[in-house]
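Enquirer: One letter stands for each residue in the lines below.
There are 2 protein chains.
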Amino acid sequence: MPKNAAKVGKIPSIRRLPQYLRVLRGLEGAGQEVASSSMLSTSLGLEQIVVKKDIEITGITGKTGVGYMVAELIDGIEDYLGWNNSSDAFLVGAGSMGKALLGYDGFRRHGLQIVAAFDNDEGKVGGEYKGVPVLPMSKLKSLASRLHVHIAILTVPGDSAQEVASQLADCGISGIWNFAPTTIQVPESVSVLNEDLSASLAELSVRIQSNM
Amino acid sequence: MPKNAAKVGKIPSIRRLPQYLRVLRGLEGAGQEVASSSMLSTSLGLEQIVVKKDIEITGITGKTGVGYMVAELIDGIEDYLGWNNSSDAFLVGAGSMGKALLGYDGFRRHGLQIVAAFDNDEGKVGGEYKGVPVLPMSKLKSLASRLHVHIAILTVPGDSAQEVASQLADCGISGIWNFAPTTIQVPESVSVLNEDLSASLAELSVRIQSNM
Numbered sequence: 033m034p035k036n037a038a039k040v041g042k043i044p045s046i047r048r049l050p051q052y053l054r055v056l057r058g059l060e061g062a063g064q065e066v067a068s069s070s071m072l073s074t075s076l077g078l079e080q081i082v083v084k085k086d087i088e089i090t091g092i093t094g095k096t097g098v099g100y101m102v103a104e105l106i107d108g109i110e111d112y113l114g115w116n117n118s119s120d121a122f123l124v125g126a127g128s129m130g131k132a133l134l135g136y137d138g139f140r141r142h143g144l145q146i147v148a149a150f151d152n153d154e155g156k157v158g159g160e161y162k163g164v165p166v167l168p169m170s171k172l173k174s175l176a177s178r179l180h181v182h183i184a185i186l187t188v189p190g191d192s193a194q195e196v197a198s199q200l201a202d203c204g205i206s207g208i209w210n211f212a213p214t215t216i217q218v219p220e221s222v223s224v225l226n227e228d229l230s231a232s233l234a235e236l237s238v239r240i241q242s243n244m
Numbered sequence: 033m034p035k036n037a038a039k040v041g042k043i044p045s046i047r048r049l050p051q052y053l054r055v056l057r058g059l060e061g062a063g064q065e066v067a068s069s070s071m072l073s074t075s076l077g078l079e080q081i082v083v084k085k086d087i088e089i090t091g092i093t094g095k096t097g098v099g100y101m102v103a104e105l106i107d108g109i110e111d112y113l114g115w116n117n118s119s120d121a122f123l124v125g126a127g128s129m130g131k132a133l134l135g136y137d138g139f140r141r142h143g144l145q146i147v148a149a150f151d152n153d154e155g156k157v158g159g160e161y162k163g164v165p166v167l168p169m170s171k172l173k174s175l176a177s178r179l180h181v182h183i184a185i186l187t188v189p190g191d192s193a194q195e196v197a198s199q200l201a202d203c204g205i206s207g208i209w210n211f212a213p214t215t216i217q218v219p220e221s222v223s224v225l226n227e228d229l230s231a232s233l234a235e236l237s238v239r240i241q242s243n244m
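Residue numbers (this note's numbering), protein chains in the order written: chain W, 33 to 244; chain E, 33 to 244.
The hints are simulated quantities; they were obtained by calculation from the structure and are not laboratory data. Just so you know, not all the hints are guaranteed correct.
Keeping only pairs whose Cα atoms sit at most 27 Å apart, straight-line, the calculated DSS-like set for lysine-lysine is [unchecked claim]:
{"#": "1", "chain 1": "W", "residue 1": "K162", "chain 2": "E", "residue 2": "K162"}
{"#": "2", "chain 1": "W", "residue 1": "K156", "chain 2": "W", "residue 2": "K95"}
{"#": "3", "chain 1": "E", "residue 1": "K156", "chain 2": "W", "residue 2": "K162"}
{"#": "4", "chain 1": "W", "residue 1": "K42", "chain 2": "E", "residue 2": "K85"}
{"#": "5", "chain 1": "W", "residue 1": "K173", "chain 2": "W", "residue 2": "K156"}
{"#": "6", "chain 1": "E", "residue 1": "K42", "chain 2": "W", "residue 2": "K42"}
{"#": "7", "chain 1": "E", "residue 1": "K84", "chain 2": "E", "residue 2": "K95"}
{"#": "8", "chain 1": "W", "residue 1": "K156", "chain 2": "E", "residue 2": "K162"}
{"#": "9", "chain 1": "W", "residue 1": "K95", "chain 2": "W", "residue 2": "K85"}
{"#": "10", "chain 1": "E", "residue 1": "K156", "chain 2": "E", "residue 2": "K173"}
{"#": "11", "chain 1": "E", "residue 1": "K42", "chain 2": "E", "residue 2": "K84"}
{"#": "12", "chain 1": "W", "residue 1": "K85", "chain 2": "E", "residue 2": "K156"}
Pairwise CB distance ranges (calculated) [what the hints assert, rightly or not]:
{"#": "13", "chain 1": "W", "residue 1": "G204", "chain 2": "E", "residue 2": "S68", "range": "37 to 47 Å"}
{"#": "14", "chain 1": "W", "residue 1": "G91", "chain 2": "E", "residue 2": "G91", "range": "26 to 36 Å"}
{"#": "15", "chain 1": "W", "residue 1": "V98", "chain 2": "E", "residue 2": "G163", "range": "53 to 63 Å"}
{"#": "16", "chain 1": "E", "residue 1": "D111", "chain 2": "W", "residue 2": "P165", "range": "42 to 52 Å"}
{"#": "17", "chain 1": "E", "residue 1": "E60", "chain 2": "W", "residue 2": "S198", "range": "46 to 56 Å"}
{"#": "18", "chain 1": "W", "residue 1": "Y161", "chain 2": "E", "residue 2": "G91", "range": "38 to 48 Å"}
{"#": "19", "chain 1": "E", "residue 1": "D107", "chain 2": "W", "residue 2": "S242", "range": "33 to 43 Å"}
The beta-carbon is built from N, C-alpha and C at its ideal position, and this holds for glycine as well.
Whole structure, please, built from the sequences with the hints as guidance.
Expert: Here it is, written out as structure tokens:
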């Protein structure tokens with residue numbers, strides 16, 4: 033876990049860490065105990081200096097002429113990301129994107145467990161999807177407090193995203209992963225990560241046209 | 033459509049353009065014909081200078097003291113993004129993430145129509161999902177050529193992503209939207225946009241811990 037701002041590291045480095053985990057777990061599975069930065073650099077298609085800087089933010093250091101101990105580096109990255117302790121999350125909005133994410137099995141591998149979904153559509157409430165119960169929005173506050181859930185995945189339509197985001201902040205949620213196609217305003221104590229697929233589609237469209 | 037590199041614009045500007053479209057369509061729906069940059073700046077929570085720079089890349093100019101013509105700006109942005117002509121796309125990998133995206137109705141609004149899904153699991157092939165047929169991988173090349181499809185959404189597991197990406201490049205696909213949790217290497221003529229949810233989860237994890 034990052035102890036202070038200086039150790040927080042740059043966002044691109046943080047975003048690459050899961051790639052290191054994938055490579056390192058592969059090496060571990062193959063019985064390899066040591067990984068050099070040049071080996072990681074080749075596997076990941078990154079400059080060696082980038083590899084060194086990326087790993088530096090986790091506080092793990094390699095041995096000169098040897099490299100990093102694979103198991104230690106895996107632990108160090110997971111510890112830095114907080115992925116060694118599973119975090120519970122709520123999903124809010126059980127529409128098409130919400131169900132898509134409930135059906136995605138990648139989160140659990142990274143220590144994120146969706147424990148409940150919420151919706152205000154009575155037709156959806158009461159059932160479950162992929163083993164996750166769909167509950168009415170009115171239960172959100174009491175459940176967040178009882179289960180100590182601090183992360184919410186927001187998959188409501190754009191026009192209700194702001195209202196729901198304000199509700200989430202009010203329920204003690206400290207991190208919102210926003211898949212709604214709109215920007216949301218929340219108190220400073222809440223971290224928001226926007227996952228805007230239309231932004232990505234815009235970027236891809238222009239890159240294809242201009243062969244970037 | 034961007035005519036040359038100078039007009040391509042910066043990626044963050046491009047990625048914000050869909051937000052402008054959403055606000056402008058709202059204004060158009062409300063019968064508003066003119067939008068000032070200060071109005072757009074307030075709606076989007078962006079500095080006015082950012083709004084001006086963002087719109088500049090589309091080649092649309094406003095009138096001093098008046099603003100932008102809403103209909104003209106919508107057309108200009110859609111034209112720049114190539115969203116006024118619907119593009120057909122293939123989805124490759126009809127697993128949990130693939131089905132999630134097939135069920136997501138946001139793409140069509142942005143001129144992206146998934147016309148076929150491909151998978152090499154015989155249990156999935158032959159059926160359809162949300163009206164989209166699921167076909168065997170062996171049909172990909174002939175269909176890409178016959179239907180002139182140039183965009184592929186890649187939702188296969190990480191360990192087969194590289195092999196499939198190479199196949200896609202070989203089939204004349206020029207843009208890959210990569211949801212597979214791995215980096216892929218393709219010829220320079222192919223644009224790749226990585227949509228790595230584990231990278232986003234890493235970023236969110238650290239931001240929550242350090243309240244960024």
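Enquirer: Which hints, by number, does the structure contradict?
Expert: Hints 2, 12, 14, 17, 19 are the ones this structure does not satisfy, whereas the remaining hints hold.
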